[in-house]
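Student: Build the full structure now, drawing on both the sequences and the hints.
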Amino acid sequence: MTRHVDPGLGVCYYPEHWPSELWADDLDRMKEAGLATVRIAEFAWSLMEPTNGDFSSIGWFDDFLDLCAERSMRVIFGTPTATPPVWLQRAHPEILNADRSGQTYDGPRRNYNYNAPAYRYYADRVVEQIARHYGSHLAIVGWQIDNEINCEIDEFYSEGDHLAYREFLRAELGTLEEVNRALGLTFWSRQYSDWSQVRLSGRGLHDAVNPHSLLWEKRFFSHSAVRFARKQVEILRSHVPDSHFITTNGLFGNLNYTELMKAGLDFITFDSYPNFAFDVDRDLAADRLRDRRWSWSLTRTRSISRCFGIMEQQSGAHGWTSRMMGPAPKPGQMRLWTMQSVAHGADFVSYFRWRTAPMGTEIYWHGLNDYSNEPGRKMQEVTRIGQEWAALDDLWGADYQAQVAVVRTYDNVYDSELDTWHGRIERPSDDAVFAACQLSHTPLDFVYLDARSSLEDLERYRLLLVPHLAMMDEAMSELLRAFVEAGGTVVFGARTGYKDSNGLCPMRPMPGLVGQWAGVKVTDFTNLGQREEGLTATWDEQRLPVPVFSEVLEARADDVEVLARFDADYYAGEPALTRRTVGKGQVYYLGACFSEEMVRRLLTETGLVSPLAGLIEAPEGVELAVRRKGERQWLFVLNYQDEPQVLRLPTAYTDLLSGTSEQGEVEVEPYGVRVYAV
Amino acid sequence: MTRHVDPGLGVCYYPEHWPSELWADDLDRMKEAGLATVRIAEFAWSLMEPTNGDFSSIGWFDDFLDLCAERSMRVIFGTPTATPPVWLQRAHPEILNADRSGQTYDGPRRNYNYNAPAYRYYADRVVEQIARHYGSHLAIVGWQIDNEINCEIDEFYSEGDHLAYREFLRAELGTLEEVNRALGLTFWSRQYSDWSQVRLSGRGLHDAVNPHSLLWEKRFFSHSAVRFARKQVEILRSHVPDSHFITTNGLFGNLNYTELMKAGLDFITFDSYPNFAFDVDRDLAADRLRDRRWSWSLTRTRSISRCFGIMEQQSGAHGWTSRMMGPAPKPGQMRLWTMQSVAHGADFVSYFRWRTAPMGTEIYWHGLNDYSNEPGRKMQEVTRIGQEWAALDDLWGADYQAQVAVVRTYDNVYDSELDTWHGRIERPSDDAVFAACQLSHTPLDFVYLDARSSLEDLERYRLLLVPHLAMMDEAMSELLRAFVEAGGTVVFGARTGYKDSNGLCPMRPMPGLVGQWAGVKVTDFTNLGQREEGLTATWDEQRLPVPVFSEVLEARADDVEVLARFDADYYAGEPALTRRTVGKGQVYYLGACFSEEMVRRLLTETGLVSPLAGLIEAPEGVELAVRRKGERQWLFVLNYQDEPQVLRLPTAYTDLLSGTSEQGEVEVEPYGVRVYAV
Amino acid sequence: MTRHVDPGLGVCYYPEHWPSELWADDLDRMKEAGLATVRIAEFAWSLMEPTNGDFSSIGWFDDFLDLCAERSMRVIFGTPTATPPVWLQRAHPEILNADRSGQTYDGPRRNYNYNAPAYRYYADRVVEQIARHYGSHLAIVGWQIDNEINCEIDEFYSEGDHLAYREFLRAELGTLEEVNRALGLTFWSRQYSDWSQVRLSGRGLHDAVNPHSLLWEKRFFSHSAVRFARKQVEILRSHVPDSHFITTNGLFGNLNYTELMKAGLDFITFDSYPNFAFDVDRDLAADRLRDRRWSWSLTRTRSISRCFGIMEQQSGAHGWTSRMMGPAPKPGQMRLWTMQSVAHGADFVSYFRWRTAPMGTEIYWHGLNDYSNEPGRKMQEVTRIGQEWAALDDLWGADYQAQVAVVRTYDNVYDSELDTWHGRIERPSDDAVFAACQLSHTPLDFVYLDARSSLEDLERYRLLLVPHLAMMDEAMSELLRAFVEAGGTVVFGARTGYKDSNGLCPMRPMPGLVGQWAGVKVTDFTNLGQREEGLTATWDEQRLPVPVFSEVLEARADDVEVLARFDADYYAGEPALTRRTVGKGQVYYLGACFSEEMVRRLLTETGLVSPLAGLIEAPEGVELAVRRKGERQWLFVLNYQDEPQVLRLPTAYTDLLSGTSEQGEVEVEPYGVRVYAV
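Chains as they are written, first to last, in the working numbering: chain P, 243 to 920; chain G, 243 to 920; chain Z, 243 to 920.
Keep in mind the hints are simulated off the structure, nothing from the lab.
Each pair may be met inside one copy or between any two copies, as identical chains are not told apart.
Below 25 angstroms or equal to it, Euclidean Cα-Cα: the simulated DMTMM-like pairs (lysine to aspartate or glutamate) are: (1) Lys273 <-> Asp308; (2) Lys572 <-> Glu775; (3) Lys504 <-> Asp248; (4) Lys763 <-> Glu623; (5) Lys763 <-> Glu847.
Tutor: Structure follows, in structure tokens:
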């Protein structure tokens, strides 16, 4: 059966942090504010199993759940495996994660590894006990697996991981000969001659590591986490009603969400904290997009589940006692950020948290209520959101509209993290694409491709930006070619296809397989240093920045147009950007990183820039987004600025939040939001 | 019996660093220069016990002491426990300190922990042997326990510390239930279910630590050091004459000096190195107060002993071979810094060191004599100080005069170190108070409160500044209220009283207990980010900076005056500073960090600014201080500048140092000093 | 027999990285390009001994060598000990190097230590097997020991090192008493009472270490590496023809090359990567000399072997996947850098590498050919170099001409690395000397002195710059005095001679022994902080910077001239620079660090500046160098700039590279080179 996210507002709550006398009042006030769902229990292992195998208090949350049921509050129950109890850690120190040098992490959270047999045994057992005990409780509607899988750390080097990695490689690659080949171990004499020698990378001098090993290690870290989650899903599914959904929360590293979803999750939820943009340690001047940058993460979230949830939506100042310090959100920002989530596809938004923790590392992760429990402006603001939420009733399930997508693969993401040459070109291009699309009001999606991807996955788009897929296999090249032949447009960036699926560099002209049908060859290439900053290429008399990396191109066929040529250095006048018509579509190849100006020009050239221009005129300071369901469309206007922004509406639209009709010149207040039915 | 610091000048000397043939000449030249006291032996364990239990050379210093006795040189003998010998370290590696990850420290100094049974056994034994052997030597007048307790590192995570911490918590908290409650271990599932699980914090991801545990750990580190010192005091007291004083040197972290004094110390001594202000790695431009900032530390020292000693007073360039590099003090600076110490309450000043070490890590910690042993300008300068010292004969025992004090508690100091939110507000307020008082010539004291404090401890003051006591219990609130009722003035800063004595945040309106009698409530609060820099509040048309943190206040009673209101942000116009009359006194509450301008305004408002204005007119570039004994007063003028400073004296005063009478406009030379009898 | 470096061009090649089908083609193309030598095998241990003791594939390179022999390609065979195989590392983890805290390094390269008995056994065995098998192959002309000894890390703290250090100290110092004395262990109670206590330094708090111990440890690290190399030389020599040369490559730390040469090397080779000057992480603006700075390293290389080889000469962009990112060299730079090497004494230049690695950490260390193996501009450039090389046929063996030398000793180099006070004066003076000589076209040599040095080693020079030899023993002082008496000039810089050969500071006036014959005494001294930046001294009305450190001098004899006096601070007017005639020569003493202006003035004063001015007029932007053989001279002109530089030739010279005659005003193109027969 397909289970969707339940639309609504919710809140994260920790009954164990206060006397039970407070619970009923807390729940009543949640209801009043429009918060109908409550997430609990994800850090409460030691309450339900205070010593090894003692499950006499497994029902610790029963009374609380009964109070919820009485009030028709819906409960999301978290499996508590993100914080193993101290008794387990002391009895089985091998459950602790370790760094590459073998030193273990202790400390209060996410200190475990996924491969210690003891951890897997105890985690499975407590999840099973919980599923058995709570599975049938009426208040519960769904489950959260663990909490923020791979948050804080996404690398695992405990002894259990070394052993599991060995088995993983054996299963994936079969023979030691293939391991030696695939991991390039001839280099520097690192071949294995016996399976017992296989281990994850150790601490190298100056952190030197074989990149192909590291690629496989990242795949292994993801695999371990996915297997860990899958096991919990299986246990839950065998005990809880079919109607209950199962999800997990947050987006983190070394984790392939395509695979994670296949482990049995019904949808993904994200934890959205845009206030990090204003943390006191962040250089505010360095990023004009600030909290708007969270739309990038929401776009990633949507690539996993078109409609999704926000399990933790920021509701106050944030910080730990040990680090991080964000100011209190300004009045209006919580509402703005809530609607930012909704605009991008969230149908469920749950605030973190009901009341600021009175103890522990997170006493500065402020909730809707402060320590004092006296109602203040945050409760007023959430109550307003609760009231407005009702006006969006028809919206749920509507789909975010984008014609342009960025193509990514997890392998390339991993590679750009482990390989600084790859990473240094990936990040500026990502920034350029995001800024160009945001500021020109051109909605954007991500598409994560893998071996199972098909043309269907791409059909909704007209333009695919493929910044720097260093690893590109034949299937992917052919898929993109088919997309073009069918009428689509693809833009490749520099360094496409110079690696194979292990990150080895095969003997063939760059840009590898796509070069053949894009009709280009790279004849020279270089990264740009400080001397070459400001390099441009000229396209029809427009000088466009081509930063960070240069590939000097050569057209391999007569029908390849050279659109832009480099303006300087020893390759001045050489081709920097080409275009070729292939079938009904077109393929561009850019021998550089993307700049914001270049992306804008490409959007213009392809006629896909600012698709909402007919619906609304809006300044760069606001974000626009559209969700559509059948014939109905909702147009979101999000003002991230602390100053009013002026829109121009060609015709009268009703703002669903206020219920008022607006037309012509409309001033949107600081942090203001509109949801127009259009 | 009460033992006071012996007034005089002294010097630190290491007989073991040179052939014994040099000793007599060195001592003769000390006497000549006016240095009558010599500290020895604090790093000489391996000379007195070269192998385990071999005390045949325990009398290694006998000959040297005899030479001292012949010349009536007074000797302070150091127990040598700061540098355990290598044989002990090799035989008992468990005596080494370890970091939070469990890795031990080796290395040349302060590498041990206070809780290894072996260390305690061997340290006690060598101290006992020393006390027995040297206790009755005529040359000795006093003892120094260890050396710079908690210098270099003040955290201890060896296995012995883990075990001792367990016993400490059991003694302090009694039951595991109370441990779990007091340390907030419900958060993130960290409850203990058996005493054997209790350990100090381990290495967490991103250094995350439970703050309440860390608070108790800091208390434990202090407790361990105090117990270690107490044991040495007990051993010494049972063997040395009653007349001998016992002290230790320096001010360091995680050490409660109130408790340390109760271990049996007669007074404290400080190690004063103001030349650190000019270290080549220090950003000179960042601190206009430079060497003058050492008056802050001298103020802390005075809070422990009204009259105290300087065991190590800088006499040359400083540095280790591995780090630190200070230039040679300019001519006059050694004299200036000596008088800075005296002005603040030092009756004894001992220079570090007689001659620069010819070997080891400290070959750049320059002494009065250089390697060459040829007399130079430093010996000339100290000889001048020795001659001037005689003119101060009546001064000793005179009390530093201050009407204003800053209130502190060790728990709050610890909390501000472990909790970045607390620390970030503490430091700028400290700086503002110090600068405002220094530059306005308003003498300042510190008062460290604890559960045993009484109104008597506060009676000498008219104004108490209480910047940010996050932890404030009922007793302290009541004590401060009594102070106000009796006619005093108290100024609280933001974040007062939001934590209990474990650092947990109770459910009550801020600012907690003092809010009731100060008549205020905090209705909203936020730290300030970069966007909010420059925030001010207006007090009678004067715009005063209110940096770092804002608490929006609400007056809770009619008799509460709102003195200043915020000028900007969403709480513009809301109260920032209130005042209320309580009994015969007044209480202010400032919903912000202190700025220098705010402190100056408060000092002016309370009529306590510049109390010496009638005695002298002085520019900001000099520091003024007064010590008083009975009817007699000594006025110190300290010129830290490399340019002359001009004073104006209303009447003729005699400068005791030069013996000349001065009146009217007086130019004080660069680095110059005056001690006027007034 | 004396074995010289074989003149010629070569290339580094890894047959194991590609199918054997490619080898013949690769070799043919090398020959075509003029690359007649090929280095192989230095990372191929696991191919030749895939499991413990299995030497059945010891002949892995036979076929390749046969292909070389057929083409008369000369082969340099590397012993593969820089990358021990994984089977060895797993079977004997004690072979791994460790840091000071005892944590081992794993990771792909140079992860071993020189003192583990197991490593020495296995390394010797594989070298012996290789020597036996390949020693008589016709293609082989020479051997490379290991690869880049002490590269990446030059400190070793494994258990094997601790034990070997103990034996080293026993051999060098004889008794524990002498160890305690020489290492200054009285300081901080660190005396040993039993040999079993002796270990290398452990991890100290704030990295504090006894500097004398560290000096001995550095000597020990060098000793260990030299012993390791010597053993390989011995094994090779007992199996390979006498005509084969033995060398090793690169210049690295904690390695005394004077001693290393005595281990039996025939000459040294350097690995020259000037493109690091343009790495994206390097602050370009911070160093105007950029790639020209590699002439400093080539000067060091020449001090070891007057004529030497370049085993690895940069041929493309550089980088690892984990760090480092250099742009592609501009057209012409590879040729420029090749000729920079030749100008300084290289007779053999081997490019790194034939083709970019298709796998491993170094996929971005680009070779002459890219992954694609399609010929490009780099192959064109090297082919041009190959053609020009023939015109230099008579040059080989010609000697670089310099009248000025900088005097160094390994002990002082070590001391300046371990002692920050020493290092902070060493580096700015080095920079000043280098810049002054480079920009004034004054060729420079280095002379490394030790106990075996004699006047002969100095006779070729007229001026010795002796910047800051803190450690100066009587023999060296007397040697330099003899040099002066014979007519030479010596300039000492500040801090000369304040340490003995253990780094202890003896009781004598500074500047120690040389002060007696230089006729000066240091009466006061200080490092300069930020307040004293810009200090100058005046010499005949010229104000010359005297940075970083000041020694106030006193002339000790009537015949000592005071040339310059300090202009500011409390020692304004005191002597800063003195000169004295001793025998037929002169000795200068500068009580400061060298500034570029001061070095230029000293070169002018001694008449040694710009000795080539009669041959050529050249701007600062180019480097000039002369090599001479008998009556013949070759004048090198190297243009490092990206702009043309104009020379003026007084008469017609033939540029050997182009075969054209030039005279008068000559424009040298960007990155251009001339080799004039003059």
